[in-house]
Amino acid sequence: MPALRQLVADVFRVDPDAVGPADSPETIPAWDSLQHFALVLELEERFGIQLETEEIEKLTTVGDIQRLLDVRGVGSAGEGGAA
Amino acid sequence: MSASQLELAAPAAATALLPDAAHRRVLEALEGEPTPAEYERLASIVRAPAVAERARPIRVAVLARDTLQPIRPFLQVRAFRSGLAAHAWFGPQGQLAEPILDPDGELHPFAADAIVLAGPPHGDFGVWEDGDPAEVEQRAAAAVRLQVELCRALRERSGALLLVHNFVVPLPRAGGQVCEVLRGANRELTRELAPVPDVAIVDVDALADRWGKGRMRDERLWHLGRIPLRYDLLPELAEAWLGPLRAWLGRSRKCLVLDCDNLLWGGVVGEVGLEGIALGPTYPGAVHLAIQREALALFERGIVLAVNSRNNPADALEVFERHPHALLRPEHIAAWQVNWDAKAVNMRRLASELGLGLEHLAFLDDDPRERALMRDVLPEVLTLEVAPDLGTLPARLARLTDFDVLAITSEDRRRGREYAARRLRRELEARAEDLESYYASLGTRVRLRAESPESRARVAQLLKKTNQFNLALRRHGERELEALRARGCEVWGLEVEDRFGDSGLSAVAILEPGQPAWRLESFLVSCRVLGRGVEQAFLAEMAGRARSLGAARLVAEFRPGPRNAPAREFLMRSGFAPLGAPGGDGRGARDNGGPAGAEGPGGEAGEGIELWSCDLAAGPAPAPPWIEVLR
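Here the protein sequences come in this chain order: A and B.
Sequential numbering from -17 applies to the first sequence in my numbering.
Sequential numbering from 66 applies to the second sequence in my numbering.
Because the hints were derived from the structure by calculation, they are not lab data.
Hints should not be assumed to be uniformly reliable.
[What the hints assert, rightly or not] Among chain A residues calculated to face chain B with C-beta under 7 Å, some are:
1. Asp(-8)
2. Val(-7)
3. Arg(-5)
4. Leu16
5. Phe19
6. Leu23
7. Glu24
8. Glu27
9. Gly30
10. Thr35
11. Ile38
All values derive from a computational prediction rather than experimental measurement.
Think of the CB as a built atom: it goes at the ideal place given N, C-alpha and C, for glycine as much as any other residue.
Construct all of the structure, not just a fragment, from the sequences and the given hints.
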């Protein structure tokens, strides 16, 4: 989670300590559809994964992303570039 | 947590940086290839007011059929690298004509410096359906027509530079006709837009070839959000817009200053000697050979080359003169500073020796400390980015748009050669017993030319780019030149040649008839031909023209700029006396000279203008005897 929080903070320019699983485009104003793509690209870069079109569409909260990382087996690694 | 907390947290990290530190951080990050998220972070740094306010603001409007908004941070960061603060506005998704034609829309109040037309119908980046050949041809012709009509409509409503994407010729499918048709459409587009002033075609088809037409899209983002390009290609598209825009603003680089050891060849020549350096067809010499090849390609485009190296002069020169594989030879180099002084000091010497501003120089050095130092000491110089793996450098040099000009004229192509010839002239000058016999030995001939459609682009280019010997600093584009002619002004050019070569059209004057005073609306001489009486000969010709048509006085307009003080001294030497600012003593000249002066693109003409008057019965000084004037 720390790596993911840092990533969300980096992409949307927010405080990493304030990012939680319930955060979504509803709570983070910078999270619009274009920034969503930027988030996905950064996610792929830092965690070394590849998302499918459908998955990109379906990810709408930080918690969703965490679950996806867990399923891919990179969720608890916590390294990524930013940890 | 609440949205407002998040917003409060956002800009803190970025604005905490002092402008200089921010500048350094951004430029150093660009040495590598930042990821899209890194670009976003860098953009938030350059957007901070304290940082942005030190750059020249430019406003870029983008009309696109597909989603190009993601380019914003890339554009801002790339613009910042060349001292520009980019403000971008994006038209409504998929609308091309509407914003242009709607007088109450957002486009026109945005007052763009540049408008990108990134949307041939049927897809920006190669989404063309094949089909019946006749039908494909019809669609392509209609698409060309629409682009041209949109450009003409824009031209009537805006003075902005128009950056027009051409069509991306798609990958061929079996039996399809569409590739050949679109190649023809691109030629047609170029032809049709040639007469429209201040238009630059952005060759996205060539860019797409470089990117790889089958792999330039992230298919997922295309389907989800109609984003036509991978994010990692967006910096290059931004550069393709900035190249012509910088040229249009008179901010392109004219000279590449090269380090030697470990750049133009491998190893230190002073230590390992001519035989010991790496330069040739096999690795690692092949990398250095490729770097030389790129420098030579710039030279062939008219970019001036110079050398700034820590070396014994004889050691470095020997490589240029005698190395069997060297592509760069002494005749390509316009100025040398090979010594043990600080490179920034040498850079200043090169600028003054070449008569170029620091803002026209680019610096290439393999040593990261030298680059960092140059960025700190001389931020006006563009210090080019070099990755640790030098093997990536040739391709990177080939991609640079910092040296772009709007349309390459034959004068441009000659420039590198000509500056090198000037070095030979200076060497002769040093030998000449006195200056006058030196000038006579040059055999300078000048030819007066009324401006014509063939020379128009060159005249506009000189108006834009000449900073030093330029009286009024008016940056007329081709459109403004039309307007000036329409109200009776005469636009004159001067071609200059001597026994070392032909400099082509190198000086421009704009005369406005009046009674009893004629007005010298603009007068400039390229620094390439300055300093041997060419300016005096040209002024005498212009005065003679006014005198023969009944003028009693010639009133020259001078606007002080950062570097044009020599032009004012020239007026003083040539028999002109100050009249004072317009509205004071100088009012008469304007009243007699027709409507108030044409405004430059920035609309700042009229402020700070000094009027200088010369009685044509007494002056100005005639052409010097060593210049032959052909009419």
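Right, here's what the structure says about each hint:
1. Annotation: Asp(-8) (chain A) was flagged as interfacial toward chain B, and the flag holds, the nearest CB pair being 6 Å apart, inside 7 Å.
2. A least Cβ separation of about 6 Å between Val(-7) (chain A) and chain B falls short of the 7 Å threshold, and the interface hint therefore holds.
3. Because the smallest distance between the Cβ of Arg(-5) (chain A) and any Cβ of chain B comes to about 4 Å, under 7 Å, the interface hint for this residue holds.
4. This hint holds: Leu16 (chain A) has a C-beta 6 Å from the nearest C-beta of chain B, less than the 7 Å allowed.
5. With its C-beta approaching chain B no nearer than about 5 Å, Phe19 (chain A) sits inside the 7 Å limit, and its interface hint holds.
6. Using the Cβ-Cβ criterion of 7 Å, the hint placing Leu23 (chain A) at the interface with chain B is satisfied: the shortest such distance is roughly 5 Å.
7. For Glu24 (chain A), the interface hint holds, since its Cβ comes within 7 Å of a Cβ in chain B; the closest pair sits about 4 Å apart.
8. Using the Cβ-Cβ criterion of 7 Å, the hint placing Glu27 (chain A) at the interface with chain B is satisfied: the shortest such distance is roughly 6 Å.
9. Against a cut-off of 7 Å between C-beta atoms, the interface hint on Gly30 (chain A) is violated, since the closest Cβ of chain B lies about 13 Å away.
10. Taking 7 Å as the C-beta contact cut-off toward chain B, the hint placing Thr35 (chain A) at the interface holds, the least distance being around 4 Å.
11. Against a cut-off of 7 Å between C-beta atoms, the interface hint on Ile38 (chain A) holds, since the closest Cβ of chain B lies about 6 Å away.
When each numbered hint is compared with the structure, a violation occurs for hint 9 only.
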